[in-house]
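Chain R: place on chain L using the hints.
As you go down the protein sequences, you meet chains L and R in turn. For reference, each letter of the first sequence is one residue, going 1 to 395 in the working numbering. For reference, each letter of the second sequence is one residue, going 1001 to 1315 in the working numbering.
For the record, the hints were derived by calculation from the structure and aren't laboratory data. Bear in mind the structure is a predicted one, so any value in this text is a computation, not a measurement. The beta carbon of each residue, even a glycine, is placed where N, CA and C say it ideally should be.
List time: in silico DSS-like cross-link candidates among lysine-lysine, alpha-carbon distance up to 30 Å:
| # | chain 1 | residue 1 | chain 2 | residue 2 |
| --- | --- | --- | --- | --- |
| 1 | L | K186 | R | K1096 |
| 2 | L | K195 | R | K1092 |
| 3 | R | K1290 | R | K1271 |
| 4 | L | K195 | R | K1096 |
| 5 | L | K195 | R | K1043 |
| 6 | L | K288 | L | K371 |
| 7 | R | K1092 | L | K157 |
The calculated label-pair distances, taken between Cβ atoms and stated as ranges, are:
| # | chain 1 | residue 1 | chain 2 | residue 2 | range |
| --- | --- | --- | --- | --- | --- |
| 8 | R | A1301 | L | Y222 | 52 to 62 Å |
| 9 | L | A244 | R | G1190 | 48 to 58 Å |
| 10 | L | T213 | R | Q1118 | 22 to 32 Å |
| 11 | R | K1263 | L | G203 | 31 to 41 Å |
| 12 | R | N1202 | L | D50 | 40 to 50 Å |
| 13 | R | K1305 | L | G203 | 47 to 57 Å |
| 14 | L | E183 | R | G1260 | 45 to 55 Å |
| 15 | L | T213 | R | S1158 | 20 to 30 Å |
| 16 | L | G113 | R | G1172 | 30 to 40 Å |
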Amino acid sequence: MGIRRLLSGNEATATAMKQINPDVVAAYPITPSTEVVHYFSQYVADGEVDTEFVAVESEHSAMSACIGASAAGGRTATVTSACGLALMWELLYVASGQRLPMTLAVINRALSGPININNDHSDSMGARDSGWIQLYSENNQEAYDNYVMSWRISEHKDVLLPVMVCQDGFITSHAVENIELIEDEKVKEFVGEFKPERHLIDGGPLSVGPYDTPHFYFEHQYQRAQAMKRAKQVILDVSKEFAAMTGRGYGLFEEYKMADAERVIVVLNSSAGTAKVAADQLRAKGEKVGVLKLRVFRPFPHAEVAKALSNAKAVAVMDKCDSFNGMGGPVFVDVRTACYDLATRPQIVNYIYGLGGRDVTVDNFLYVYEKLTEIINSGTNTDDIYRHVGVRGVN
Amino acid sequence: MAYNLKKESNKPERLTGGHRLCAGCGASVAVRGVLRAVNEEDKTVCGVATCCLEVSSVLFPFTAWQEGFIHCAFENVAATISGVESNYNALKRKGKITDNYKFIAFGGDGGTYDIGLQSLSGAMERGHDMVYVCYDNEAYMNTGLQRSSSTPKFAEVSTAPVGTKQAKGEMGVGKGQHKKDLTAIIVGHGVPYVAQTTFTNNFKDLHEKAYKAHYTPGPAFLNVLAPCPRGWRYPAEELMTITKLAVETCIWPLYEVEDGEWKLTYEPKKKLPVEDYLKLQGRFRHLFKKGNEWMIEDLQAHVDKKWEQLLKKCK
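Chain L extracted, bound-state conformation:
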């Protein structure tokens, strides 16, 4: 039986970290993720964990220290947001390229500039091609559950890739919700011991991070790409085991009222909850609308997403991040690409929304569903697929 607790998303993440008791946590303060580090340093000070906590002088050094610790055979974690993740960017590729397991809790926040401390997904979306697995969380419970599962996924011998567990800054990180924690012993048993095959300390001679010539570099990148593909099945297997333990089931994405849905909104993280409320209101009027909430963005479950959208007539993909590419946001581009092979494709448009902490309301989603009706009735064209909602002066 789980333990009911009132926790913010940050405290839920810190609690999961405490239960996992990593060997090394290296972190640097940045709003809104700082609180996780506050909680965790208190656990260290109180002797509730026996982690080495390294209070580094930058996020760049946080990720560098995590790379060193993971290569040394330790279970390793860090936390960051926004510019902190951007400062880690170079090393994200090193971590995944050296196939070093670790978990990074990303408390999503907008990137500068201009500086803004509120939520959107420009930080983790910017790192979507860095070879990290990315799990997104609608609420505090999911942030906690994803965090617990992330270790099993990252350390799996078929994967050996680092994982980002993302949740929305302030919206879930600071909001207190009733969640169900798993007992400490159960978490420890579920996560198990980290036993890497090779490591720097007590592991015999080993050189990590060699210079890779054109003779080998490509093969190593291919192996990393294959590991990312294999991660999909591992995520499903770990989630199944997790469901058996907790009763909480997770797939690659959640289908909400999708069975006969003609109009679908694709969304991830906390706004999924708002989209569901909009869908409920329209369903009450007999309208066939649904929500597809992505949980796993990397690896991108393209075949499964395409299948789930195959019966829809019109789809709006929501991006809380702009790609500034003249075409549409990152989730949109992937979803639309995934649907290319469908025999009959839905019309698919993009809505950029909620940047820099702009409130995302039920009305925003009702507006988008209404626009999908217009698209079904009159069609759209490629000049009109890249749209914004909630911007002053636009709609």
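For chain R alone, kept in the frame of chain L given last:
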């Protein structure tokens, strides 16, 4: 026990031969000298910043490193090794390992004086039990001889080339600024052991300082002058002449700072003029052109001033 070069040289090498560094490169001489000072029963994990040493000693699938080795990126070897050391502490505390390890970070001057300074400063301040070794060859040699903040004034480098004529305060004199005093900056961190050294004579100075660095608990920093025959443009076999002259001219004084106490470890009987050091190196050739005497005077005045300041600190 008294230092004995022959005995020390017979220890198994932790960085073996067969790597691809240039003939006469000061980097591997510095590294082997530092590693010889680790007791044979102790193990090492060495971190290396992106640099000549790294790209020449671990080309996949080969490695010249006999124990633990990690390269992560250019500017973060101190932070990377601090992560390795932290994990060692965690494992030790949990009783998972019994061996004793030494953690050593190596970086060139670019990776230490410039791009890696923040990472180094952070690791020193946090107090990790590690040794940071800068093998200082006074320019970005790996990328083709660009200026760093360690490059001495007037040295010709590819991003501060010598022009058609040299005038005070103008471009074209080589590098226009004096070398940064990194050793003093690290002393300012209050770490337990800081030393400036190089390999001269029988390597005793380097060995003893490296030993103290390894076996003083907490962070330690060694700044090792490691000449580059290609970049400095002198015959490769003159390596030991160059280091000796750097010391005898007081351009590279040998000293250590133990728990805040400055101590000169070698004082030349007769301080040689800087020309003796400069004239052997192609990078200073323009200083000897007629009309450029002012450049040598400028350097001599700077060396004299720094030397006097150091003597005061060491009194």
